[in-house]
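Peer 1: Sequences listed follow chains A and B, in order.
Converting from the first sequence to the numbering used here requires adding 164 to each position, the first position being numbered 1.
Going by the numbering used here, -11 is the number at position 7 of the second sequence; the sequence numbering is gapless.
Simulated from the structure, these hints should not be mistaken for laboratory data.
If you're wondering where the values come from, they're calculated on a predicted model, not measured in any experiment.
Keep in mind that a hint or two might mislead.
Unchecked claim - In silico DSS-like cross-links for lysine-lysine, where the CA-CA straight-line distance does not exceed 25 Å:
id : chain 1 : residue 1 : chain 2 : residue 2
1  : A       : Lys368    : A       : Lys386
2  : A       : Lys358    : A       : Lys384
3  : A       : Lys275    : B       : Lys76
4  : B       : Lys179    : A       : Lys241
5  : A       : Lys400    : A       : Lys386
6  : A       : Lys277    : A       : Lys231
7  : B       : Lys154    : B       : Lys179
8  : B       : Lys154    : A       : Lys277
9  : B       : Lys154    : A       : Lys241
10 : A       : Lys400    : A       : Lys358
11 : A       : Lys277    : B       : Lys179
12 : B       : Lys154    : B       : Lys108
13 : A       : Lys241    : A       : Lys358
14 : A       : Lys358    : A       : Lys231
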Amino acid sequence: MKQTDAVIRFEHISMQFPGVLANDDVSLEIRRGEVFALIGENGAGKSTLMNILYGIQTPTAGSVYIKGVRVEEYDPKIVIGQGVGMVHQHFMLVPSFTVAQNIVMSREPRKHKIFFDNAAAEASVRALEEEYGLVVPESVPVEDISVGLQQRVEILKALYRGAEILILDEPTAVLTPQETDELFAVIRRIVQEKAMTVIIITHKLDEVMAISDRVGVMRKGKLVGVHETKDVDARKLASMMVGRPVLFDELERTGLVGDPALRVSNLQVCDHRGLPAVRNLSLELRAGEILGIAAIEGNGQSELIEAITGLTPVKSGRVEVLGKDVTGQDPGEIRAAGLAHVPEDRLSTGISAAATVAENLLTGKQREPRFNRFGFHQNRAAVRRYAEEVYERYDIRGAGVDGLAGDMSGGNMQKLVIAREFGFDTPVLIVSQPTRGVDVGAIEFIHSRIMEKRNQGAAILLSSADLDEVFRLSDRIITLYEGEITGSFRAGEISKEEIGLYMTGSKRQGGTAQ
Amino acid sequence: MSEFEKILSTVFSVGTLQQMLRSATPVALAAIGGSMTEHAGIMNIGMDGMILMGAFFGVLGSFLAHTALAGVGLALLMGVLVGMFFALLVVRYKSDEFIIGCALNTFAVGLTSYLSRSYFGTTGTKGNPALPALHLPFLNKIPILGPMLNDQSLFVYLTWLIMLLAWLFVYKTPYGFWLRASGEKPDTLRTAGISPKRMKWIASILCGVLCALAGAHLSLGHLNGTFAENMSNSRGYIAFACVIFAAANPAKAYLAALMFGFFEAIGLRLQGYVSADLTNIIPYVITIIMMVYVVVRKQQRKKKAAPASA
């Protein structure tokens, strides 16, 4: 019988939100003891489907069967009782509580019926650790442990509640490559040794290939295909996700490298705690080239970029844009000198979520004569014309230029930021995390826009946590470790494996370190 | 010099300490209640109004039923209702807690003054049945501590019990964990299958009850059956300061309230020598100093804690 090995069965699930059909007649079976990857672009409906399974949302049509039993009432409490656990993308942990207190929450061991038994809580966590080979510091507050460990706490929490089916929502988005490897080892172990079922939501295709047995692809609310992972490759999956062929081919490079456009000399910058973050760093960026920064998060790249763009004070050293000393000037003055900046966090610094798309696109250009009458009266028609033109050209998809920027998906917000910053036609572009959390289709689009700018003669400084991105776009790559340049390479000169040694400081080039 | 010595001996006397406990108790009760809402993630600025209502309905109950205990009962009942009303607006209908708190304070002044006039004909009343002070003869054998603790209203002793229970509840029971989680990370509680809203409701009602108790003590215990217009006299705000100062720890909030009680007592004792207008500002000056301390401490902690994460 086919149904016996189906631990989860979705039958004709539809989910109608106001104006959006998030799930459209989805039928899917998850088998016991497999790692099932669910992939799709942002807004394709994967999270909605998993929220239905976890009982957070009630579908408008269709049914879910857990271990052959139909779910009658969509309530996390009931679903947890049936052995479903979920590790959310944003961790569901109370920062000030200890690891053990977080794990036992809602099923606390008690003394005299009413008191929380901390010793018993820590003992049962230790027992779990031994059973699953997942070590965590039981009595340390969660706010004091690393993100990788926090995720482990989340997994243990699900196991403590008796989960046999584990849903992981974008589990690697916040992890370092090493932590990702550890997570995958854990997944393999619990699946093989404990016969657990793991559903992993992701849009990183190489991870799908690495960890999953089967993969389901969602697009615009529909399940467009389920395959054995061994029968497909990343390119095919990408095309299925986007609905058209995605060509991650070599981007065309044209144009000549010109004069130095950005020069940083002996720069020292402190972080927000006052500790040195950038140490005596010098670099030169020329027109028509992309210089990529490869570094593990927290090694000074953010502070370097903030210092160049005037967002953080420079302790000592010099920053020159087109030969003009801009050290210590405010962001507006630096921009006027010929620099534009795509900040790393689009929500907090990239856009104003409460303003409309048109207003966001205008930001920084509001004083230009074409948008003004008499210097103070905004020319609405001109603003609108401009915004609509850019909206079109950058393929932004949302509720139009009058919609709120904060209501758009992450990918479209990012396109909005890129559209605005690239629209300044400045000779120097500082681009930070241009495609973080953005889906494949948008990545392809943004990459080709960046390359287009380069070919037109812009000098581009690129910082990205995604090493593939750095390799794909850069003409030159520098590695940063603890605020110092540990290596400087031409593209193609070095492999990803080797560059990792420079990023972790275990190797450095003789002359460039100081 | 003898004048100065006289001042000193009045200020530093057993009477001052006794006065300290009397003055601290209403603030402490409200602050323990405020610790509950604070842990549930609700900034409760409405405690002053809650105290005032407790004070009025305490006196009203005492006046109508001719016994102070009935007054306490009525105050408690109204405390539950006010807490539920607050939760209804803030938790259920998600109104801004700051605005609702302010509105509650203004509303309480208006309501109690109006009702006072309709029941008593004036904006205040006194001489209603009050809570007796407890005289425990054996206590007087202990020097200083004995007279300080003796002849106090029952509420003074009751507050210690309430403080202990509140502390145990918040830090030693699973329900306290849920309460704190409901304020710090409500989604975590929700995904664990427990309703954070329910915890917020419970916290609001507890706060309403404890503030009502604070008010009842103020009118029936502290002032022997007296109600006067706006008699809470900003104690709710001072209680709020205590909550912030104590990081919502009920035991520390009690100690903070004790400190206010001490300065209020000194102020009262000094009134024979200095203008009352001047001495009355002492508790508020202390509030400002305490809040400055809280901010400084927070910044220092931020600096210290920063290098840990990676």
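Peer 1: Among all the numbered hints in the text so far, which are the ones the structure does not match?
Peer 2: Violated hints: 2, 3, 6, 10, 12; rest satisfied.
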